[in-house]
Amino acid sequence: MVKDQEFLKSKASYCLDLAKKMGATDASVTVGHSISETVNFRNKSLEASDRSDGLALSIETYLGKRRSSISSSNLLDENIKTLIEKCFETTKITPEDEFNSLPDKNLLSKKISSLNLYDETRFENDKKIKYLKDLEESASSDKQIINTESSFTENKSNFILANSDGFCDGYKTSSFTTSCVTVAKDENSMERDYEFSSKRHLSDIKQAKDLGNKAAKQTIRKLSPKKIGSEKISIIFDKRISKRMLSVFASAISASAIARGTSFLKDKIDEQVFTDAINVIDKPDIIKGMGSQNFDSEGVNSNTLKLIENGILKNYLVDTYNGKKLKLKSNGRSGGTTNLYFEKGNISYEDLMKKNSRSLYITETIGHGSNLVTGDYSVGATGFLVEDGEFKYPVNEITIAGNFKDMFKNIILANDLEFEYSVNSPTMMIEGMTAAGK
Amino acid sequence: MSNFFNKSDLTRQNADKIVSDTLNNCDDGELYLEESKSESIVLDDNKIKSSNYSSDLGFGFRAISNEVVAYSYSNEISKDSLKNSSENLKSTLKSIKGTYNHEIPKSNKKFYEDINPIEEKSLDSKLEVLNKVNDFLRKKDGSVKQVTASFAGEQKSIEIIRSGGEALTDVRPLIRFNVSVMLEKNGRKETGVYGIGGRQSYDDYLKNDNWKNVCEEAFRIATVNLESKPAPAGEMKVVLGPGWPAILIHEAIGHGLEGDFNRKKTSAFHDLMGEKVASEGVTIVDDGTIDNRRGSLTIDDEGTPTERTVLIENGILKNFMQDRHNARLMNTRSTGSGRRENYRHIVLPRMRNTMMLSGNQTQDEMIKSVDKGIFAVSFGGGQVDITSGKFVFNCTEAYEINNGKIGSPIKGATLIGDGPSILKEVSMVGNDMMLDPGIGTCGKAGQGVPVGVAQPSILIDKMTVGGTKL
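In order, the protein sequences belong to chains V and A.
FYI, the numbering for the first sequence is 21 to 458, going by the numbering used here.
FYI, the numbering for the second sequence is 38 to 507, going by the numbering used here.
These are computed hints drawn from the structure, not numbers from a lab.
A portion of the hints provided could be inaccurate.
Subject to a maximum C-alpha distance of 30 angstroms in a straight line, what follows is the list of computed DSS-like cross-link-like pairs (lysine-lysine) [unchecked claim]: (1) A/461 with V/247; (2) V/41 with A/86; (3) V/246 with A/409; (4) A/355 with V/40; (5) V/176 with A/120; (6) V/286 with A/177; (7) V/147 with A/134; (8) A/120 with V/147; (9) A/134 with V/205; (10) V/106 with A/301; (11) A/244 with V/150; (12) A/409 with V/288; (13) V/229 with V/163; (14) V/246 with V/106; (15) V/234 with A/158; (16) V/106 with A/169; (17) V/334 with A/147; (18) A/158 with V/106; (19) A/409 with V/247; (20) V/345 with A/177; (21) V/106 with A/116; (22) A/74 with V/41; (23) V/125 with A/222; (24) V/205 with A/355; (25) V/229 with A/301; (26) A/86 with V/334; (27) V/112 with A/158; (28) A/355 with A/481; (29) V/458 with A/461; (30) A/461 with V/288; (31) V/286 with A/222; (32) V/150 with A/302; (33) V/64 with A/134; (34) A/134 with V/286; (35) A/54 with A/193; (36) V/345 with A/182; (37) A/409 with A/301.
So these bits of chain A aren't anywhere near chain V, every CB distance computed over 10 angstroms [as the list claims (entries may be wrong)]: (38) 93; (39) 352; (40) 506.
Note that the coordinates shown come from a computational prediction; the quantities given were computed from them, not determined experimentally.
Glycine included, every Cβ here is placed at the ideal spot set by N, Cα and C.
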């Protein structure tokens, strides 16, 4: 069983009391407990089971404007005492930083509403095994599938965040995640693809059969890929890739990147960043949402933010420290976005596919080719050549490149948005990028 | 050395008994105990931004029978907790019986000292160096707009207890010093990053103002990039510089030669043992035994002494990298490549220091032989799709080559290639093998482990460069 609120609260207050007693002017502490159980399958038989049971503690102590932190997994009182002593000793010799402080009291979350983020259902390992058997049975039904690997993870977590201004709250969350990776082979090639489902509640997880089928189908269609020539071509990003554009955008508008001046979106508030058809929302209070939260990692209340309205940048993601630097109030985004999404576009997936007589549909990118300082983007890519709205043949060993500043202004979104993950995007087309191949 | 048995009601005798009882009917497995202390200090935006100390303690208990691995970890080292884990393992493996393999090779060699780098140098003196770095770079040139500098130090103590009571221990120091600088000139911003590290004390790196060299290198890279032009797009010849660019070897070849992917036949290399996979003159080894290197280990995380494993010899595929589990299933021996990020994770076959050895040509000869291509000196990260064999890495410093001469610097571009065929495209191997500066972390299955790479300059006849200029 995951530790209850009382246990975590008692550890948190022990830490705060001790820090205060030693002379800390302020302190904040997070105590968490998490239990995960995973079962792995390979080629229709059990491959591994993994159980993890982990406590985690992190403390920040302040002496005026001086601050330092410690973290540990050892929650014995004796060890906590040693660590807080060490933390406070370090705080004393750490230079002052005028922006260091606990969050403004009036921004702290007052009351938490239930977002239904915890499902107490216990999915015993035997049941996971049954699920994975069904999944792999359907994933391997085609002869071209030569290997299947799948897993099911059940996680239950609880945490308490407390600070010396009297904030003390936390809540339980759960997640159920299943994934399937399949390998297909023909005389020309061997390819891998995957499908997964991750939900707060067990009953929302995709059917085993559907998940396995989808993984297999997505893998088989990649067989016998070709390399294309180097050209300017319009690119369609599958939903699982288009959402990565949002993650890049989120990193570029974090208050820390803005305050440091290391973002291509610095000083772009109230400027046109995307085409005027684009709206980007970050919504923390979606019921059962994978990214939902009542407050951020500092205890600050988080409300829905329109980050992009009609293409115009409206907000950064602000935490207390960087907010003070930028003279902005925290908007409860210490720790980043919550449930981030593009509002859906007004063209159907089919019409998007047919928009150009020839385009490149991308299902996978590899490499870390996003430069947040310059906005330059260049990654390895895998996908399909699309002609007249139809997949013609699979494509690989190519790269796609551009600059986010231009790419963002050339985005067209389909109307097929679904809320599956913590970051969600419809299918996306970007014109004017370069594909490099032969 | 940590004593894991003075922390609770768990005595060594208890632990031995629980381990032996649990693993008796299994093929392999062990109790892995770990205590780590780590420190990170970051200067950013003219200030000490964070100083964090963390201590971590826990165990991972593993039992293997046939192809099934059962694993359980906890950060509570106690009799109850270990018994719970034991029950958990037994319930997974209840219907599968094995025969425990007691054999594990021994060695007295050590590749680093038993030190705690964090305690060897006072916090004050570390803060002082970081402030010096900041002042030095900001005074150096008006275009310097941002400086980030950091120290990260760690000491990890491990103990492995096997069925029958055999215990193996190791104490591993690790440090890292990193500088990142952003320049702005004529409205353009570029960054340069450089770092050093290894399994030793900070003092070896910081004496004689060595930190200045790190600053100069980060500054130089950023300066070069300020002048960079859009990179070309398409297939062309690529000259790689020595040292860190060997992450190409790591991504393109290394991962595909890890035992697990080959046992499962999901690696593009699984049926190529004994075959020619590289040009003649190409020899690649994975070596855990180089003193004080980031990827070196006295013993791996299963207790096997590490070694120098020849992967490719003169173009021929000779060995895969193995942990005990995959080695047993493939009827071979562990190469001392069983690694894990920490006690929370299962062991996987991983790289240590992956190196292409020197040939006898010079970098000059390579550049002169290229009509149109690029010269890549430094890279950011890389990634590989094991199954299709396609891999990428991102240039952070690269130049055009025109008619045998190095031309303008080009913007960061991704290079993409095909693992099983790329080494056949190597047409020249330089005489200038160099180790990387000690900064690599390899990610696999969500676990990061420190690794090293090395190579001489090489000429690759055909690779796709992912720029924007057609």
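Evaluation of the provided hints:
1. A/461 with V/247: Holds. Residue 461 of chain A to residue 247 of chain V sits at ~19 angstroms (cutoff 30 angstroms).
2. V/41 with A/86: holds (25 angstroms)
3. V/246 with A/409: The given pair, whose Cα atoms are some 25 angstroms apart, holds under the 30 angstroms limit.
4. A/355 with V/40: violated (62 angstroms)
5. V/176 with A/120: holds (21 angstroms)
6. V/286 with A/177: Given pair residue 286 of chain V, residue 177 of chain A holds - Cα atoms ~25 angstroms apart, limit 30 angstroms.
7. V/147 with A/134: Holds. Residue 147 of chain V to residue 134 of chain A sits at ~23 angstroms (cutoff 30 angstroms).
8. A/120 with V/147: Distance ~24 angstroms between residue 120 of chain A and residue 147 of chain V Cα, so the pair holds.
9. A/134 with V/205: violated (33 angstroms)
10. V/106 with A/301: Distance ~48 angstroms between residue 106 of chain V and residue 301 of chain A Cα, so the pair is violated.
11. A/244 with V/150: Given pair residue 244 of chain A, residue 150 of chain V is violated - Cα atoms ~60 angstroms apart, limit 30 angstroms.
12. A/409 with V/288: violated (39 angstroms)
13. V/229 with V/163: holds (17 angstroms)
14. V/246 with V/106: violated (59 angstroms)
15. V/234 with A/158: violated (55 angstroms)
16. V/106 with A/169: With a Cα-Cα distance of about 25 angstroms, the restraint between residue 106 of chain V and residue 169 of chain A holds, given a limit of 30 angstroms.
17. V/334 with A/147: This hinted pair is violated, its Cα atoms lying about 57 angstroms apart.
18. A/158 with V/106: holds (15 angstroms)
19. A/409 with V/247: holds (21 angstroms)
20. V/345 with A/177: This hinted pair holds, its Cα atoms lying about 25 angstroms apart.
21. V/106 with A/116: Measuring from Cα to Cα gives roughly 29 angstroms; hence the hint holds.
22. A/74 with V/41: Status holds; Cα separation ~25 angstroms.
23. V/125 with A/222: Roughly 41 angstroms between the alpha carbons, so the hint for residue 125 of chain V and residue 222 of chain A is violated.
24. V/205 with A/355: holds (25 angstroms)
25. V/229 with A/301: holds (23 angstroms)
26. A/86 with V/334: holds (27 angstroms)
27. V/112 with A/158: The hint holds at about 17 angstroms.
28. A/355 with A/481: holds (23 angstroms)
29. V/458 with A/461: holds (18 angstroms)
30. A/461 with V/288: Violated - the C-alpha atoms of residue 288 of chain V and residue 461 of chain A are around 48 angstroms apart, more than 30 angstroms.
31. V/286 with A/222: holds (16 angstroms)
32. V/150 with A/302: holds (25 angstroms)
33. V/64 with A/134: holds (19 angstroms)
34. A/134 with V/286: It is violated: about 62 angstroms lies between the C-alpha atoms, which goes past 30 angstroms.
35. A/54 with A/193: holds (25 angstroms)
36. V/345 with A/182: holds (16 angstroms)
37. A/409 with A/301: violated (41 angstroms)
38. 93: It is violated; residue 93 of chain A is separated from chain V by about 5 angstroms at its closest Cβ, not greater than 10 angstroms.
39. 352: holds (22 angstroms)
40. 506: violated (8 angstroms)
In terms of the numbered hints stated before, the structure departs from hints 4, 9, 10, 11, 12, 14, 15, 17, 23, 30, 34, 37, 38 and 40, listed from lowest to highest.
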